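Peer 1: Following my numbering, the numbering of the sequence shown begins with 1 at its first residue and continues without gaps.
Some hints could be false.
Stated by the list, open to error - Label pairs and their calculated CB-CB ranges: (1) Arg91 / Val71: 16 to 26 angstroms; (2) Ala88 / His189: 28 to 38 angstroms; (3) Asp73 / Ala256: 49 to 59 angstroms; (4) Arg224 / Gly76: 35 to 45 angstroms.
To be verified - Derived DSS-like pairs (lysine-lysine); straight-line CA-CA distance at most 25 angstroms: (5) Lys260 / Lys206; (6) Lys262 / Lys17; (7) Lys264 / Lys206; (8) Lys264 / Lys17; (9) Lys206 / Lys133; (10) Lys206 / Lys219; (11) Lys17 / Lys219; (12) Lys206 / Lys17; (13) Lys262 / Lys219; (14) Lys264 / Lys219; (15) Lys262 / Lys206; (16) Lys6 / Lys17.
The hints are simulated quantities; they were obtained by calculation from the structure and are not laboratory data.
Predicted, not measured: the structure shown is a model, and the values here were computed from it.
From the three backbone atoms N, C-alpha and C, an ideal C-beta is built for every residue, glycine too.
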Amino acid sequence: MPIAPKSFLYEHNLETKVATITLNRPERLNALTFEVYRELRDTFRQIGSEPDLRAIILTGSGRAFCSGGDVEDIIGALFERDFEGLLAFTRLTCDLILSIRECPRPVIAALNGTVAGAGAVMASAADIRIASKNAKIGFVFTKVGLSGADMGAAWLLPRIVGIGHASELLMTGDFIPAEEAHRIGLYNHLVSQERVLEFAAQFAGKLAAGPSFALEITKDSLNREATMDLTSAFESEAQIQAACMQNPNFREAYEAFVAKRKPKFV
Numbered sequence: 001m002p003i004a005p006k007s008f009l010y011e012h013n014l015e016t017k018v019a020t021i022t023l024n025r026p027e028r029l030n031a032l033t034f035e036v037y038r039e040l041r042d043t044f045r046q047i048g049s050e051p052d053l054r055a056i057i058l059t060g061s062g063r064a065f066c067s068g069g070d071v072e073d074i075i076g077a078l079f080e081r082d083f084e085g086l087l088a089f090t091r092l093t094c095d096l097i098l099s100i101r102e103c104p105r106p107v108i109a110a111l112n113g114t115v116a117g118a119g120a121v122m123a124s125a126a127d128i129r130i131a132s133k134n135a136k137i138g139f140v141f142t143k144v145g146l147s148g149a150d151m152g153a154a155w156l157l158p159r160i161v162g163i164g165h166a167s168e169l170l171m172t173g174d175f176i177p178a179e180e181a182h183r184i185g186l187y188n189h190l191v192s193q194e195r196v197l198e199f200a201a202q203f204a205g206k207l208a209a210g211p212s213f214a215l216e217i218t219k220d221s222l223n224r225e226a227t228m229d230l231t232s233a234f235e236s237e238a239q240i241q242a243a244c245m246q247n248p249n250f251r252e253a254y255e256a257f258v259a260k261r262k263p264k265f266v
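All chains should be built: construct the whole structure from the sequences, respecting the hints.
Peer 2: Encoded structure:
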């Protein structure tokens with residue numbers, strides 16, 4: 001099904017089976033508007049079932065990945081809302097992050113520059129983060145009098161960097177440089193500015209060439225097992241792996257090994 005968003009750029013490479021979503025408000029450091037929130041959420045929900053799509057890159061244009069919610073478009077409007085209106089907005093922001101986590105395809109965040117606020121949480125929701133050396137990151141919510149636990153940040157971040165680092169980042173709201181984000185495990189890979197998108201495309205292509213069903217199951221397990229006890233997690237993985245053993249990709253991997261060729265996964 002064709003994807004034609006109005007508030008960001010979307011490109012689907014049918015050869016590599018990789019889609020690239022580019023936030024495209026460089027003059028506003030790719031700040032999010034109500035429309036961008038809605039369209040991003042709806043896009044992630046839709047493209048997860050696209051048959052010719054196996055990996056997704058999320059990036060930004062210009063010198064920032066995303067600077068968070070747009071002060072002019074969103075903040076002023078929020079002061080005019082009652083509690084129910086505010087709750088509708090905060091649920092929308094959470095729905096966006098949930099749509100990224102529930103998308104069955106791997107999501108790679110290509111962090112080309114500043115990563116702030118809602119942008120930092122979107123980056124955290126991605127499966128892999130590839131950042132330029134000038135991609136400082138800050139969960140700046142407490143700086144404006146809001147909870148650092150926003151858009152699922154208090155669930156996501158401790159699972160990436162541990163409770164100690166997460167507490168510091170969410171409570172202070174301070175920016176940390178890309179090197180520090182890489183050191184604590186928030187960024188998977190750190191590359192030069194000019195190589196961010198190239199590296200992300202190569203990484204996405206590698207995943208896209210892999211067994212998509214197995215990757216989907218792996219992502220789903222990472223989501224679900226975070227709240228399971230040990231015995232339940234073992235049983236879940238036992239059942240999942242037995243199901244994967246009936247998938248044609250398992251036999252293809254074996255036959256490729258015997259024939260000493262690269263597997264061609266479906």
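Peer 1: Compare the structure with each hint and give your call.
Peer 2: Right, here's what the structure says about each hint:
no.	hint	result
1	Arg91 / Val71: 16 to 26 angstroms	21 angstroms, holds
2	Ala88 / His189: 28 to 38 angstroms	37 angstroms, holds
3	Asp73 / Ala256: 49 to 59 angstroms	51 angstroms, holds
4	Arg224 / Gly76: 35 to 45 angstroms	39 angstroms, holds
5	Lys260 / Lys206	19 angstroms, holds
6	Lys262 / Lys17	18 angstroms, holds
7	Lys264 / Lys206	12 angstroms, holds
8	Lys264 / Lys17	14 angstroms, holds
9	Lys206 / Lys133	23 angstroms, holds
10	Lys206 / Lys219	16 angstroms, holds
11	Lys17 / Lys219	18 angstroms, holds
12	Lys206 / Lys17	10 angstroms, holds
13	Lys262 / Lys219	24 angstroms, holds
14	Lys264 / Lys219	21 angstroms, holds
15	Lys262 / Lys206	13 angstroms, holds
16	Lys6 / Lys17	22 angstroms, holds
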